[in-house]
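Visitor: Sequence:
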Amino acid sequence: MSIYDIKAVPGTQYVTAYVPAQAAADVTAYVAAIHLPVRCTVVAAWHVCEEAVTGADTNSRNLNLDQADGTEKANVDYAAGENATAGVRNAMSTITEFNEDEGDCLLLESEKVGTGLAVGAGILIVQYRSR
Numbered sequence: 008m009s010i011y012d013i014k015a016v017p018g019t020q021y022v023t024a025y026v027p028a029q030a031a032a033d034v035t036a037y038v039a040a041i042h043l044p045v046r047c048t049v050v051a052a053w054h055v056c057e058e059a060v061t062g063a064d065t066n067s068r069n070l071n072l073d074q075a076d077g078t079e080k081a082n083v084d085y086a087a088g089e090n091a092t093a094g095v096r097n098a099m100s101t102i103t104e105f106n107e108d109e110g111d112c113l114l115l116e117s118e119k120v121g122t123g124l125a126v127g128a129g130i131l132i133v134q135y136r137s138r
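Going by my numbering, the sequence shown opens with residue 8, and the numbers climb by one from there.
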């Protein structure tokens with residue numbers, strides 16, 4: 008195994024992507040992408056923001072982890088009762104493990120609900136297991 012052969016690394020691995028800040032008025036759009044370097048099973052995902060987020064009832068923002076074809080696989084909806092603490096991993100909804108091929112991408116959609124909710128910059132973390 009060379010130092011570049013991550014396919015041979017046992018256990019779970021992590022890949023991250025920067026997530027830019029979203030203003031309340033920002034429209035629904037894909038804001039980040041994760042490139043999966045190996046054939047794998049995705050097992051978990053988290054959003055970590057630089058600033059606290061307080062969910063709101065009718066004007067909120069959903070972060071959806073989608074496959075390249077638009078199929079939503081996980082989400083965190085910053086609605087009433089769903090808050091985020093700065094610098095702390097906020098789990099996206101329980102993922103039913105799913106398989107991806109080497110080179111596939113996952114997309115993070117920032118979905119505006121009502122008049123929206125501001126969410127500060129942060130990172131998306133995806134945990135996967137090579138297969």
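Derived by calculation from the structure, the hints in this document are not laboratory data. A quick note: this is a predicted structure, and the numbers were derived from the prediction, not measured. Ideal Cβ placement from N, Cα and C applies to all residues, glycine included. One thing to keep in mind: the hints can contain errors.
Pair by pair, the computed Cβ-Cβ distance ranges are [what the hints assert, rightly or not]:
#1 Gly121 with Arg46: 33 to 41 angstroms
#2 Ala32 with Glu109: 24 to 32 angstroms
#3 Val16 with Asp64: 20 to 28 angstroms
#4 Arg46 with Asn66: 21 to 29 angstroms
#5 Asp64 with Ala32: 15 to 23 angstroms
#6 Glu109 with Ala87: 24 to 32 angstroms
#7 Thr19 with Gly94: 18 to 26 angstroms
Taking lysine to aspartate or glutamate pairs in the EDC-like style, the calculated list, with each CA pair at most 16 angstroms apart, reads [to be verified]:
#8 Lys119 with Glu57
#9 Lys80 with Glu116
#10 Lys80 with Glu58
#11 Lys80 with Glu118
Visitor: Give a verdict on every hint.
Guide: Hint check:
1. Take Gly121 and Arg46: their Cβ atoms lie about 40 angstroms apart, and the range 33 to 41 angstroms holds.
2. Roughly 38 angstroms separates the CB atoms of Ala32 and Glu109, a value that falls outside the hinted 24 to 32 angstroms.
3. The given range of 20 to 28 angstroms is broken by Val16 and Asp64, whose C-beta atoms sit roughly 44 angstroms from each other.
4. Checked against the hint of 21 to 29 angstroms, the C-beta distance between Arg46 and Asn66 comes to roughly 41 angstroms, which is inconsistent with it.
5. Restraint check, Asp64 to Ala32: a C-beta distance of roughly 18 angstroms satisfies the suggested window 15 to 23 angstroms.
6. Between Glu109 and Ala87 the C-beta distance comes to about 40 angstroms, which lies outside the given range of 24 to 32 angstroms.
7. A beta carbon spacing of about 22 angstroms between Thr19 and Gly94 agrees with the range 18 to 26 angstroms that was offered as a hint.
8. At roughly 19 angstroms between alpha-carbon atoms, Lys119 and Glu57 are farther apart than 16 angstroms, so this suggested pair is violated.
9. Proximity of Lys80 to Glu116 is assessed by CA-CA distance (about 11 angstroms); at most 16 angstroms being required, the pair is judged to hold.
10. Between Lys80 and Glu58 the alpha-carbon distance is near 25 angstroms, which puts this suggested pair outside the 16 angstroms criterion.
11. A hinted pair counts as satisfied when its Cα atoms are at most 16 angstroms apart, and Lys80 with Glu118 qualifies at roughly 14 angstroms.
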